[in-house]
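Protein chains: 2
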Amino acid sequence: MKINGYNIDLENAAKTIKKNNYKRVVLQIPEGLKNHVSEFINYLETETNAQIIVSVDPCFGACDIVNHEFQHMDVDFAIQLGHTPIPDMENHWIPTMFINAQSDLDVTKVVEKAIPRLKGEKIGLVSTAQHLHTFPQIEEILVKNNFIPVIGEGDDRIESKGQILGCNFSAAKSIMQEVDSFLFIGSGNFHPLGLKLITKKPVIVADPYTNQIRDKELGELKDSVLRQRYGAIARSKDAKVFGILVGIKSGQQRIDLAYNIKEKLVSKNKKAYILALNHFSSSFLESFRDVDCFISTACPRIAIDDYMQYKTPIITPVELDILLGLKNWEDYLFDEINHLVL
Amino acid sequence: MKINGYNIDLENAAKTIKKNNYKRVVLQIPEGLKNHVSEFINYLETETNAQIIVSVDPCFGACDIVNHEFQHMDVDFAIQLGHTPIPDMENHWIPTMFINAQSDLDVTKVVEKAIPRLKGEKIGLVSTAQHLHTFPQIEEILVKNNFIPVIGEGDDRIESKGQILGCNFSAAKSIMQEVDSFLFIGSGNFHPLGLKLITKKPVIVADPYTNQIRDKELGELKDSVLRQRYGAIARSKDAKVFGILVGIKSGQQRIDLAYNIKEKLVSKNKKAYILALNHFSSSFLESFRDVDCFISTACPRIAIDDYMQYKTPIITPVELDILLGLKNWEDYLFDEINHLVL
Numbered sequence: 001m002k003i004n005g006y007n008i009d010l011e012n013a014a015k016t017i018k019k020n021n022y023k024r025v026v027l028q029i030p031e032g033l034k035n036h037v038s039e040f041i042n043y044l045e046t047e048t049n050a051q052i053i054v055s056v057d058p059c060f061g062a063c064d065i066v067n068h069e070f071q072h073m074d075v076d077f078a079i080q081l082g083h084t085p086i087p088d089m090e091n092h093w094i095p096t097m098f099i100n101a102q103s104d105l106d107v108t109k110v111v112e113k114a115i116p117r118l119k120g121e122k123i124g125l126v127s128t129a130q131h132l133h134t135f136p137q138i139e140e141i142l143v144k145n146n147f148i149p150v151i152g153e154g155d156d157r158i159e160s161k162g163q164i165l166g167c168n169f170s171a172a173k174s175i176m177q178e179v180d181s182f183l184f185i186g187s188g189n190f191h192p193l194g195l196k197l198i199t200k201k202p203v204i205v206a207d208p209y210t211n212q213i214r215d216k217e218l219g220e221l222k223d224s225v226l227r228q229r230y231g232a233i234a235r236s237k238d239a240k241v242f243g244i245l246v247g248i249k250s251g252q253q254r255i256d257l258a259y260n261i262k263e264k265l266v267s268k269n270k271k272a273y274i275l276a277l278n279h280f281s282s283s284f285l286e287s288f289r290d291v292d293c294f295i296s297t298a299c300p301r302i303a304i305d306d307y308m309q310y311k312t313p314i315i316t317p318v319e320l321d322i323l324l325g326l327k328n329w330e331d332y333l334f335d336e337i338n339h340l341v342l
Numbered sequence: 001m002k003i004n005g006y007n008i009d010l011e012n013a014a015k016t017i018k019k020n021n022y023k024r025v026v027l028q029i030p031e032g033l034k035n036h037v038s039e040f041i042n043y044l045e046t047e048t049n050a051q052i053i054v055s056v057d058p059c060f061g062a063c064d065i066v067n068h069e070f071q072h073m074d075v076d077f078a079i080q081l082g083h084t085p086i087p088d089m090e091n092h093w094i095p096t097m098f099i100n101a102q103s104d105l106d107v108t109k110v111v112e113k114a115i116p117r118l119k120g121e122k123i124g125l126v127s128t129a130q131h132l133h134t135f136p137q138i139e140e141i142l143v144k145n146n147f148i149p150v151i152g153e154g155d156d157r158i159e160s161k162g163q164i165l166g167c168n169f170s171a172a173k174s175i176m177q178e179v180d181s182f183l184f185i186g187s188g189n190f191h192p193l194g195l196k197l198i199t200k201k202p203v204i205v206a207d208p209y210t211n212q213i214r215d216k217e218l219g220e221l222k223d224s225v226l227r228q229r230y231g232a233i234a235r236s237k238d239a240k241v242f243g244i245l246v247g248i249k250s251g252q253q254r255i256d257l258a259y260n261i262k263e264k265l266v267s268k269n270k271k272a273y274i275l276a277l278n279h280f281s282s283s284f285l286e287s288f289r290d291v292d293c294f295i296s297t298a299c300p301r302i303a304i305d306d307y308m309q310y311k312t313p314i315i316t317p318v319e320l321d322i323l324l325g326l327k328n329w330e331d332y333l334f335d336e337i338n339h340l341v342l
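Residue numbers (our numbering), protein chains in the order written: chain W, 1 to 342; chain S, 1 to 342.
You may find that some hints are simply not true.
Identical copies look the same in the list; a pair holds intra-copy or inter-copy alike.
To be verified - In silico PhoX-like pairs for lysine-lysine, Cα to Cα no more than 25 Å straight-line:
1. K173 x K161
2. K109 x K262
3. K268 x K240
4. K18 x K262
5. K237 x K270
6. K23 x K270
7. K34 x K262
8. K119 x K216
Source of the hints: derived by calculation from the structure; they are not laboratory data.
All chains should be modelled from the sequences, with the hints used to inform the complete structure.
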């Protein structure tokens, strides 16, 4: 079905429900599509005999799957809209189907516009789930303009070639040695920023929503974010009490990393608490008044994207190593989640 | 240990951890005690060899137990502070110990003060977990003043005689036919309000925190809340689309009630969606723009206590029956959670 500029293959979900005779189905919807909930429910209830339960809690990615609490409510099937699966994650509770929201925007115009801004000959092509299906068209344009498009394989956390997540840039890292620059198709700053910080290559953003190209602005943003990160580390120099945040969502549980961090801190005579959260909110953390600095092992976006929401500095595991003098600022690394033992 | 005017038997928790050689322990702390988190952790880490993980997500009662996600992080024991167990609930994932926070306030003075305000001879004595241990003292004062104290048994959801929860007043209902009035020991308005609405008996509040007695004010509050509830029902008279809210916390899952409500609504030609939430927040519900009225089957306090936070009316299951003409306003019942099949 077509909703708000996205093709969402709910037809396939309905087929699967009918084929397996599922009775109670939970539907996870990303924030941007939640105001279309009635269309999704009406379609599924018309096409199948299943009862649909909508999960209201915010869902920002495939790392956040429904759990046994839904199984306990006799839910026998889960549909997560707008995200692609994380291959090395498994839902032990309820069979789960991920249905991507493919943008129907024409990317050719904005890619043509990006052509004169590309650097070098070999161009690494990356995008988020919504635009991956446009890669063949983009490759064609690149070749026609005498570029060599390169699309990398990701690790176990990545479903499709050339796909990057906010927490995983392996599909770019696998080709960064061989390409001269990256072309990112999509919106927002977080993904291209990570791309630039991790690969240290020129990144050109072609945004099909605004039909704009960004490259220089990204360099400025990178500098400003690095200044902010440096500031967060500096503000925490005298911190005595640390709160190590662990996400309890299935695909964010870096508990072993949290224990490693705790050991490091204790060996440096710091106090450290391990704090587990499902939903991240600055107000939930404000109760922990004696914590001087939080270290987030959950979604890497929390420390960097949501930094301004938190009164107490919140840093990433790599940033802690810099703070403790175990790494140099020059060795700054963007936080990523790679293979989790699930 | 003594914290902020409460006796919290963390010593017993430490003993249990040592005896069972538990390695990773999750600690749930009610909001009011979270700023003492370091004292709890320091004590447990000094007394035992266990690693302590603090659960940050708000925990308002024993209905909210930690689940398999902590088990997956190899947590082998859970401690929930400030609440008493709900006997008919079981944690299938992690052995869980509830440690009450017993207030060390002297209740005798405020009970003496309440004596002239008590109605009749037989007095039903009720309280929340924090003050239950003071019942023998209170009974003595009542007897000395020629009253007959009566303390009722609750149902399967209630651990101690005379204990009421925001969602369960069975320990008062079991004696309401035989008593002339109720004496409630504790703070806040929600429990005595429920008590008054459910038992329809005079309720006298003896608040040991403020050392004040309230009775008439409670009648005024009851009238104002009932006006608000009537208003919420009236505002929803023309509602076409209903959102039936289901709490996914283990002790709040009234999913069968939700399906019953959906059937009722569909039979009245209304549209109804079942919406499941873990953490309730008005902002999470605002995405569901075409919902005209929410019906909460989760914690009964949400519809009544948090009513003002929600832009769309939020009503209880009984209030829906009134809205649909299946019950009269005169038959208004306060929403309660009784035995859940868990």
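Worksheet item: With identical chains treated as interchangeable, where does the CA-CA distance between K119 and K216 reach 25 Å or less: within a copy, between copies, both, or neither?
Response: Cα proximity of K119 and K216: one copy only (12 Å, versus 78 Å across).
Worksheet item: How would you classify K109 and K262 at a CA-CA limit of 25 Å: within, between, both, or neither?
Response: Classified as neither; 50 Å inside a copy, 48 Å across copies.
Item to complete: Please work out whether the CA atoms of K34 and K262 approach to 25 Å or closer within one copy, between two copies, in both situations, or in neither?
Response: between (38 Å within a copy, 20 Å between copies)
Worksheet item: Given identical chains, is K268 near K240, meaning Cα to Cα at most 25 Å, within a copy, between copies, both, or neither?
Response: For K268 and K240, the Cα distance is within 25 Å only inside one copy (10 Å; across copies 61 Å).
Discussion item. With identical chains, the pair K237 and K270 could be close in the same copy or across copies; at 25 Å between alpha carbons, which is it: within, between, both, or neither?
Written reply: within (11 Å within a copy, 59 Å between copies)
Worksheet item: Which holds for K173 with K161 at a C-alpha limit of 25 Å: within a copy, between copies, both or neither?
Response: within (12 Å within a copy, 64 Å between copies)
Item to complete: With 25 Å as the alpha-carbon cut-off, assign the pair K23 and K270 to within, between, both or neither.
Response: So K23 and K270 pass the 25 Å test across copies only (21 Å; inside, 52 Å).
Practice prompt. Check K18 against K262 for me: Cα-Cα at most 25 Å, and say if that holds within a copy, between copies, both or neither.
Written response: between (49 Å within a copy, 22 Å between copies)
Figure legend: structure checked against the earlier numbered hints; the only hint not met is number 2.
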